[in-house]
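Construct the complete structure from the given sequences, taking the supplied hints into account.
Heads up: the protein sequence lines correspond to chains A and B, in order.
Just so you know, the numbering used here puts the end of the first sequence at 298, numbered straight through with nothing missing.
Just so you know, the numbering used here puts the end of the second sequence at 298, numbered straight through with nothing missing.
By construction, these hints were calculated from the structure, which means they are not laboratory data.
Any given hint could be a false lead.
For chains that are exact copies, the list does not tell them apart, and a pair is met inside one copy or across any two.
Heads up, simulated DSBU-like pairs for lysine-lysine below, C-alpha to C-alpha not over 30 angstroms straight-line [said to hold, decoys possible]: (1) 37 - 292; (2) 12 - 220; (3) 298 - 76; (4) 143 - 76; (5) 37 - 291.
Since we're looking at a predicted model, the values are computed, not measured.
Number of protein chains: 2
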Amino acid sequence: MTHFDFIVKRLKELQEDICVQLETTDGQAFFSRDEWKHNDNGGGLTRVISNGNVFEKGGVNFSAVSSALPDFLKSKVNASSTQFSATGLSLVLHPKSPMVPIVHMNIRYFETNGGDSWFGGGIDLTPIYVDTAQATDFHRTLKQACDQHNPQYYADFKRWADEYFFLPNRNETRGIGGIFYDYLRPSNDDETIALTEFMFAVGNAFIPAYLPIVQANMHKSFNERHTDWQRIRRGRYVEFNLLYDRGTRFGLETAGRTESILMSLPPLASWHYNYLPEHDSEEERTLSYLKKGIEWVK
Amino acid sequence: MTHFDFIVKRLKELQEDICVQLETTDGQAFFSRDEWKHNDNGGGLTRVISNGNVFEKGGVNFSAVSSALPDFLKSKVNASSTQFSATGLSLVLHPKSPMVPIVHMNIRYFETNGGDSWFGGGIDLTPIYVDTAQATDFHRTLKQACDQHNPQYYADFKRWADEYFFLPNRNETRGIGGIFYDYLRPSNDDETIALTEFMFAVGNAFIPAYLPIVQANMHKSFNERHTDWQRIRRGRYVEFNLLYDRGTRFGLETAGRTESILMSLPPLASWHYNYLPEHDSEEERTLSYLKKGIEWVK
Chain A
1 MTHFDFIVKR LKELQEDICV QLETTDGQAF FSRDEWKHND NGGGLTRVIS
51 NGNVFEKGGV NFSAVSSALP DFLKSKVNAS STQFSATGLS LVLHPKSPMV
101 PIVHMNIRYF ETNGGDSWFG GGIDLTPIYV DTAQATDFHR TLKQACDQHN
151 PQYYADFKRW ADEYFFLPNR NETRGIGGIF YDYLRPSNDD ETIALTEFMF
201 AVGNAFIPAY LPIVQANMHK SFNERHTDWQ RIRRGRYVEF NLLYDRGTRF
251 GLETAGRTES ILMSLPPLAS WHYNYLPEHD SEEERTLSYL KKGIEWVK
Chain B
1 MTHFDFIVKR LKELQEDICV QLETTDGQAF FSRDEWKHND NGGGLTRVIS
51 NGNVFEKGGV NFSAVSSALP DFLKSKVNAS STQFSATGLS LVLHPKSPMV
101 PIVHMNIRYF ETNGGDSWFG GGIDLTPIYV DTAQATDFHR TLKQACDQHN
151 PQYYADFKRW ADEYFFLPNR NETRGIGGIF YDYLRPSNDD ETIALTEFMF
201 AVGNAFIPAY LPIVQANMHK SFNERHTDWQ RIRRGRYVEF NLLYDRGTRF
251 GLETAGRTES ILMSLPPLAS WHYNYLPEHD SEEERTLSYL KKGIEWVK
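Take a look at the structure:
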């Protein structure tokens with residue numbers, strides 16, 4: 001078994017595990033299974049939940065593809081590299097209730113036939129209404145996962161998430177951030193093993209980071225005002241994913257499977273011209289937390 | 001008065017004229033006026049209609065900006081060019097009824113301090129349900145506007161619209177197309193005058209091309225099934241504008257005014273995983289017309 005195949009196997013197990021735990025919390029809907037092949041260069045398993053008790057729409061997508069190296073990656077790899085293989089697990093959940101945050105997680109591994117390899121990934125939370133205690137809990141769980149591997153990871157990857165999950169057109173972060181990392185290149189086998197372990201530490205942190213927040217909020221009441229605000233925040237989510245997200249662009253530019261890439265888009269989103277929340281409202285308070293550099297864990 | 005100022009003046013008049021005619025058709029809502037300056041390098045007048053009888057959301061945006069030439073344009077201009085000025089009128093209308101098509105029009109003029117200048121623009125129609133007779137009428141009106149200026153324009157710019165208003169990720173055109181042109185560079189004063197006349201011929205074709213279609217459809221009944229399909233089509237509109245539209249990217253990359261650029265986004269849009277219309281339905285028939293190369297006017 002190649003190391004690539006080993007990662008594939010563990011990603012599939014993690015996908016199954018995450019789906020089961022989300023279904024249990026939802027209590028109503030189940031993830032469909034859509035196994036696909038795409039353009040003869042790979043395939044995957046897209047699992048989608050819709051119209052659940054908790055999750056209005058969500059997807060957990062595993063993929064493993066191999067193809068000719070696209071032009072925009074040629075500057076990042078050895079001159080002898082002509083083919084790449086990439087595998088990853090990617091999820092986005094859009095809860096029905098505006099009281100439950102949107103979440104995103106992605107872990108991925110990339111290698112070429114010329115000896116390059118790197119790891120990337122991240123988890124970030126997009127509350128419709130920011131609860132500062134919950135934001136701190138979320139970051140603390142991610143920090144613990146990072147700290148076991150490298151004492152510098154959390155600080156570095158938290159800052160990277162602030163930079164990455166940012167909408168310059170709005171001058172706001174997508175949510176309260178989390179961690180993000182990319183192009184972590186192992187220079188020997190020991191580092192490959194260490195980075196693989198870190199990859200799955202991030203993957204395994206998803207459930208403990210997110211589910212307690214879901215459970216704490218899923219029974220809270222909400223009204224149309226909250227839902228309106230949720231649709232506006234979902235609109236910003238769409239803007240980020242289509243305008244700025246590297247994974248979305250990479251997927252579409254390498255002719256990936258559109259439905260699996262765009263499963264991240266929300267079931268219903270809205271745009272109003274020049275919307276401004278009321279002064280001193282909960283909505284305005286949430287906006288005040290959508291900025292870089294907030295230290296959620298001291 | 002410079003030629004730039006002349007174009008500015010006529011664009012403002014056209015904006016006023018178009019808004020009045022749309023208001024008359026709507027019969028309920030009026031366009032707000034939002035005059036803005038942006039980053040000391042220009043400004044404009046954004047006019048927005050919302051929650052009308054016919055138009056759920058729409059904007060007609062005039063802008064005139066000057067700024068340092070962005071890097072991505074340097075290959076297109078004379079070496080001595082360091083500053084640009086651009087002015088244009090841009091509109092998108094999202095009708096409430098799924099029976100009334102979405103429409104977009106843009107006309108623009110660009111010049112540099114190094115002697116470059118060019119014209120660009122277009123009009124295209126995005127029906128939620130394609131009516132082939134109306135599609136033909138729409139194209140015929142555009143063809144007549146083109147034919148007065150150059151017998152080759154319609155064929156060339158219709159083909160360009162097919163290429164431009166295309167979503168490679170979906171392998172479908174945004175709607176039934178129209179005309180699109182860019183980088184029309186005059187090489188002397190006569191050509192500048194001719195292209196200016198063409199610019200306003202396109203601008204003046206908007207009302208006769210679109211309003212009859214609105215009036216023919218605005219009283220038709222519709223139900224939730226039609227509205228669901230409308231939201232999905234609007235989702236594709238969002239995908240096009242954020243992933244592929246050059247004007248949107250140009251605006252955001254040159255730090256234009258976000259709200260005026262993204263006024264093109266719909267009031268409510270949805271995404272379902274792997275949505276497929278029913279076999280032999282009106283929705284499926286509409287999809288069959290969302291492709292390049294249909295000759296609407298023989």
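Now the hints, each set against the structure:
1. 37 - 292: Between copies only: 26 angstroms across, 39 angstroms inside.
2. 12 - 220: Classified as neither; 33 angstroms inside a copy, 50 angstroms across copies.
3. 298 - 76: Classified as neither: same-chain Cα gap 35 angstroms, cross-chain 50 angstroms, threshold 30 angstroms.
4. 143 - 76: Answer is within: at 29 angstroms inside a copy they meet the 30 angstroms cutoff, but 48 angstroms across does not.
5. 37 - 291: For residue 37 and residue 291, the Cα distance is within 30 angstroms only across copies (25 angstroms; inside one copy 40 angstroms).
The structure does not agree with the numbered hints 2, 3 stated previously, though it agrees with the rest.
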